[in-house]
Amino acid sequence: MYSKQRIELIIERMAYKRACRVLEASGLTGYTALPTLGGFGGGNRWQRDTDISGGSDMVAIIAIGSPERVTKALTDIENILGAHIGVVSVSDVQVLRGERF
Amino acid sequence: MYSKQRIELIIERMAYKRACRVLEASGLTGYTALPTLGGFGGGNRWQRDTDISGGSDMVAIIAIGSPERVTKALTDIENILGAHIGVVSVSDVQVLRGERF
Amino acid sequence: MYSKQRIELIIERMAYKRACRVLEASGLTGYTALPTLGGFGGGNRWQRDTDISGGSDMVAIIAIGSPERVTKALTDIENILGAHIGVVSVSDVQVLRGERF
Amino acid sequence: MDVAIATLLSPIILFFILGMGAALLRSQMNVPEAVAKGMAIYLMMAIGLKGGVQMATNPLTLDVILVLLSGIFLSAAIPALAFVILRATTNLGRTDAAAVSAHYGSISIVTFVAATEAVRLSGLDSSGHMVAVAALMETPAIVTALILALAGRPKAADEVAGAERGELVREVALNASVVVLVGALIIGWIAGADGTASVQPFFTGIFQGVLCLFLLDMGLSAGRGLRNGWRTLGATTVGFGLYMPVVSALIATGLCFVLPIGQGDAALLITLAASASYIAVPAAMRLALPEARPSVYLTLSLGVTFPFNVILGIPIYIFLASLVTA
Amino acid sequence: MDVAIATLLSPIILFFILGMGAALLRSQMNVPEAVAKGMAIYLMMAIGLKGGVQMATNPLTLDVILVLLSGIFLSAAIPALAFVILRATTNLGRTDAAAVSAHYGSISIVTFVAATEAVRLSGLDSSGHMVAVAALMETPAIVTALILALAGRPKAADEVAGAERGELVREVALNASVVVLVGALIIGWIAGADGTASVQPFFTGIFQGVLCLFLLDMGLSAGRGLRNGWRTLGATTVGFGLYMPVVSALIATGLCFVLPIGQGDAALLITLAASASYIAVPAAMRLALPEARPSVYLTLSLGVTFPFNVILGIPIYIFLASLVTA
Amino acid sequence: MDVAIATLLSPIILFFILGMGAALLRSQMNVPEAVAKGMAIYLMMAIGLKGGVQMATNPLTLDVILVLLSGIFLSAAIPALAFVILRATTNLGRTDAAAVSAHYGSISIVTFVAATEAVRLSGLDSSGHMVAVAALMETPAIVTALILALAGRPKAADEVAGAERGELVREVALNASVVVLVGALIIGWIAGADGTASVQPFFTGIFQGVLCLFLLDMGLSAGRGLRNGWRTLGATTVGFGLYMPVVSALIATGLCFVLPIGQGDAALLITLAASASYIAVPAAMRLALPEARPSVYLTLSLGVTFPFNVILGIPIYIFLASLVTA
Ligand SMILES: Nc1ncnc2c1ncn2[C@@H]1O[C@H](COP(=O)(O)O)[C@@H](O)[C@H]1O
Ligand SMILES: Nc1ncnc2c1ncn2[C@@H]1O[C@H](COP(=O)(O)O)[C@@H](O)[C@H]1O
Ligand SMILES: Nc1ncnc2c1ncn2[C@@H]1O[C@H](COP(=O)(O)O)[C@@H](O)[C@H]1O
Ligand code: NA
Ligand code: NA
Ligand code: NA
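Protein chains in written order, with our numbering: chain A, 1 to 101; chain B, 1 to 101; chain C, 1 to 101; chain D, 1 to 326; chain E, 1 to 326; chain F, 1 to 326.
Hints in this document: simulated from the structure, not taken from any laboratory.
Each hint can be trusted.
If we take Cβ atoms under 8 Å as the criterion, some of the chain B residues that face chain A in the derived model are: (1) E24; (2) G30; (3) Y31; (4) A33; (5) V59.
Not close to chain E: a few residues of chain A, all C-beta gaps over 12 Å, as computed: (6) S3; (7) P67; (8) Q94; (9) F101.
Computed cross-link-like contacts, DSSO-like style, restricted to lysine-lysine with a CA-CA straight-line distance of at most 27 Å: (10) C:K4 / A:K4; (11) B:K4 / B:K72; (12) C:K17 / C:K4; (13) A:K72 / A:K17; (14) B:K4 / C:K4; (15) C:K17 / C:K72; (16) B:K4 / B:K17; (17) B:K4 / A:K4; (18) A:K72 / B:K4; (19) A:K4 / A:K17; (20) A:K72 / A:K4; (21) B:K17 / B:K72; (22) B:K72 / C:K4; (23) A:K4 / C:K72.
We treat Cβ as the ideally placed atom computed from N, Cα and C, and that holds for glycine.
Full structure from sequences and hints, please.
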């Protein structure tokens with residue numbers, strides 16, 4: 001097993017592509033996006049279904065990578081999160097086939 | 001980067017609102033809910049699609065917060081999980097903009 | 001709180017049942033599968049919606065269990081990931097009601 | 001007999017059997033949840049509108065009100081009987097038995113629709129207010145079952161953390177099927193046949209076809225429920241899922257003898273009594289009695305009783321109704 | 001007056017009110033997102049096709065081109081007025097005010113459809129090129145609003161990381177509603193009445209019914225938006241959501257006096273001016289002005305102005321149109 | 001020629017082109033997966049029912065059985081040829097080549113439907129048992145391809161962990177398209193024209209319209225597949241995706257000369273031979289040959305061959321069929 005880091009970025013859907021470009025530019029070899037149902041933040045609850053506008057829709061992006069690449073990505077993610085709605089967290093994980101990340 | 005904790009609560013959908021209220025009451029500043037597809041527990045497999053009743057539907061709730069708030073939330077979550085179907089786990093994460101959590 | 005491990009397996013949908021069987025065979029008491037929206041890997045982006053073939057569809061499987069069971073599961077997961085598209089990571093978590101895992 | 005065969009060979013039932021067969025053979029096919037939910041809302045709108053339009057032409061007579069009250073009575077009374085039978089013949093605990101009995105007092109709107117079609121195929125008439133009866137029968141059963149479940153408790157149980165006053169009432173009184181069914185009924189009543197003419201191609205024209213697709217999905221759902229869940233049920237519990245609808249049907253038949261009700265409506269009332277809920281009641285039970293096991297009540301209602309009713313029960317209930325008016 | 005009541009009692013509006021009521025009463029029911037999105041695409045295909053088929057039979061005269069240009073003018077000009085009003089009467093900052101005003105310059109296609117039905121119910125005719133007007137009015141408002149928002153900035157703001165040249169233009173010019181509406185319009189134009197005959201049962205026959213289901217969902221969406229969001233809006237902001245559509249309508253009415261336009265088309269142009277976007281513009285604003293608060297502009301457009309227009313506004317706009325041609 | 005133009009200008013094809021254009025221009029619009037899956041099930045039910053009803057009126061003659069067997073033969077034989085061509089002209093390895101060839105032996109049901117429409121537009125008749133031919137042609141190709149792929153392996157490969165005996169057979173024999181197509185065919189056969197009359201407004205009335213929406217989505221899917229995937233394909237591989245359907249069509253045409261088959265049915269059989277699978281076969285390949293690259297076979301089948309067939313191929317295949325019966 002190899003030690004890597006895992007980014008979990010929860011971000012508004014309209015900024016999803018921007019986040020993707022940033023992750024790719026940082027050299028991360030992959031990421032996966034998951035849909036969300038709803039949530040709470042800034043004192044407001046939101047819910048995906050029956051929000052016809054999709055205005056508060058979020059996606060969760062998971063990316064596993066080496067600490068250097070993760071650190072590199074975080075600078076730009078911080079910039080995105082200055083403008084866009086979202087939250088990011090980083091944790092330590094172990095992976096198989098470490099050369100892939 | 002600031003050290004925080006991440007709660008991951010997988011809970012039956014009908015108890016989702018109860019879990020939300022508990023998380024909000026504990027002072028956590030936000031959470032995000034994700035849909036699920038299926039799973040396994042107690043010896044039974046379940047699958048979301050084509051379960052017309054939605055009876056075994058689960059949601060995954062992710063909340064990032066300070067250790068104190070997370071600890072506070074866990075007492076009530078333990079109570080909910082005494083009655084409702086679900087699993088909770090807590091892990092350490094690093095975040096940007098630590099004052100938000 | 002009890003110390004356990006959390007497997008996060010992101011794997012192509014057609015291999016989902018195989019992964020389920022492996023997780024169950026390793027003695028893990030439960031897992032939950034989450035849908036995905038899209039992602040990036042091997043230089044290619046993919047997106048779930050409007051990919052009529054479902055060919056690049058992935059699922060994310062989360063399983064919490066004791067380190068021994070997780071280690072046991074990982075051998076077979078490594079075998080699956082030799083043939084199928086996917087990524088696995090393991091992290092440390094704390095749980096309530098530790099006897100369940 | 002002819003009715004039974006005609007019903008069995010209608011595309012709706014055949015698609016149900018197809019779905020159930022595919023699930024039992026472990027096919028991986030499925031209908032997306034979102035589509036199934038969308039169709040469920042559509043079906044309830046269509047049923048409600050149709051009932052409302054019919055009610056707009058018929059005054060709300062005392063006879064109708066008697067039938068409405070009978071529906072409420074059946075929904076409230078059947079769970080008590082079901083509870084006694086379950087406690088006497090199965091090894092289900094008090095809470096599980098109460099939860100199961102709530103399902104049998106309440107109704108299945110799809111079974112109701114399938115019965116409406118079979119009634120029509122038999123050349124009988126049914127009236128729009130039976131939709132109102134169906135809507136009224138959804139919830140009284142839940143009240144009875146909660147009384148039964150909680151009666152046995154030493155003292156009021158502690159609330160689950162995060163529970164909120166009124167959430168159960170809101171769930172029971174404002175769930176999708178009540179909102180859409182009752183709402184569409186009222187809209188049909190207000191707008192009448194003329195006002196709804198422009199929406200009929202959608203709500204009437206393609207109704208039967210959508211029902212085929214929905215029943216394919218119901219078949220998959222029932223088949224999978226049965227295959228995953230039957231092991232958790234003892235033989236006596238499975239048996240209950242097969243004879244209880246007939247018991248409820250007989251009670252309703254008895255009641256029909258003293259009610260001012262036509263043959264078609266009687267068949268529908270009997271079917272409603274015999275049918276078991278698998279969406280609204282399970283949701284309410286998760287909130288009110290979370291310790292009751294969904295694998296028991298869902299397998300029974302969706303995997304055993306629903307297929308029984310749709311394939312075999314409805315012709316029996318139409319036959320019972322013919323006795324009443326004979 | 002009769003038109004107002006007929007509109008109010010049509011199933012479409014009644015289902016909207018049902019959904020809004022259920023949401024305000026905190027019902028948990030919802031229509032799956034996927035189904036709502038599917039219906040939205042369907043509705044735009046149907047509207048586009050219908051418009052295209054009608055345009056195929058009528059030549060593109062100078063009169064028509066004048067109406068098209070008027071639509072573009074209204075979409076571009078209304079935001080400037082809205083911006084001035086918002087800055088003068090509310091406490092919204094420059095960016096929020098610009099974002100809100102973009103919504104009021106642009107249009108809501110569902111309001112347009114509801115108005116088309118009401119116009120038809122009033123016995124008036126409307127023409128296919130009004131769909132083209134609707135499509136053309138979607139985007140100019142965004143340009144005006146961006147100019148207003150950015151004019152106040154000391155210098156060009158730094159780009160958000162990951163932003164790409166052209167992404168905003170692509171989003172604005174190739175979003176689903178532009179692609180489907182304009183695409184279907186052209187397809188209807190090419191294929192004509194004969195070529196589209198075989199698809200009419202889907203796109204015309206069941207259109208009204210699908211609209212009922214869609215408006216039920218819109219009602220849920222609007223009601224929930226209003227319930228969650230009204231606290232973030234001050235009274236003057238809510239007021240803006242109620243009088244701004246009337247202000248825009250009056251401007252459009254004035255323009256209609258000098259335009260070569262029929263009564264039905266005038267009613268639609270006025271409605272378009274009065275309607276506010278809640279899908280396309282919010283998406284564009286998230287990309288272009290992410291610091292503007294969606295809770296403000298969405299609550300206003302979807303929770304306040306949309307219900308106002310659908311329930312009360314449309315009869316007013318039809319009345320205004322009758323003044324023009326009188 | 002006229003047929004080619006009429007086909008090209010039908011709304012179905014125009015919506016396909018619209019979707020493909022939008023995707024190639026990088027529009028972000030999409031049709032939700034759940035809706036697309038729901039429509040796919042609907043289309044297969046409709047096709048199956050229609051075929052079954054037609055078969056109910058025509059006896060299963062020896063002529064029909066010959067056509068059925070020819071379909072099986074084509075499905076089994078074409079992959080062998082495709083494999084040889086791919087190995088000779090492209091740099092694909094044995095496994096990739098085998099996986100691709102499975103797709104070309106199997107069929108695309110949407111191409112089949114589009115051809116059925118074009119055949120009808122050309123004034124030709126086709127018969128219900130062609131649906132059975134389509135269903136039968138889905139799987140033999142997979143068997144051939146697996147033999148080709150595994151023949152080259154030194155010894156039986158180790159099983160993937162978690163693989164289960166029978167899972168591949170279940171996937172191939174009980175996937176959604178087989179279950180629904182064959183199931184609906186049998187249901188149509190049992191229920192006949194009378195029994196299915198009440199579901200015709202759904203399954204026939206709105207069929208063409210739903211097809212438009214589905215093909216819009218297919219266009220988006222094909223366009224995106226092509227845009228993301230074409231770089232992984234060499235020029236010779238792309239070429240294969242363009243000439244292989246014609247090669248298969250010519251083989252089928254040859255066979256038609258010796259078969260007792262009408263012109264419409266011949267056109268459909270040729271189209272089936274020319275069409276390539278993009279749902280059922282990819283799924284089977286992921287289980288059976290996971291090391292084959294989906295980006296190769298999906299891009300080829302969905303991004304190259306499907307658009308070719310739908311836009312240009314079908315008129316050619318109808319022309320080829322006219323040679324047979326001439
Ligand atoms: N480092 C990663 N972190 C998260 N997901 C990944 C990562 N690498 C690959 N994936 C997911 O796995 C899929 C296949 O990746 P690959 O095997 O690299 O082609 C991608 O499309 C992603 O959804
Ligand atoms: N602490 C948190 N943990 C998880 N998700 C969060 C958290 N805070 C915010 N979110 C998500 O981000 C969205 C926007 O939050 P905010 O920026 O606080 O308005 C919320 O609706 C949540 O979905
Ligand atoms: N160890 C676990 N890891 C992840 N999810 C679990 C685990 N155990 C249970 N679950 C989820 O919780 C549901 C109910 O589990 P149970 O309470 O064991 O019946 C399962 O169907 C899973 O979706
Ligand atoms: Na009942
Ligand atoms: Na406007
Ligand atoms: Na083929």
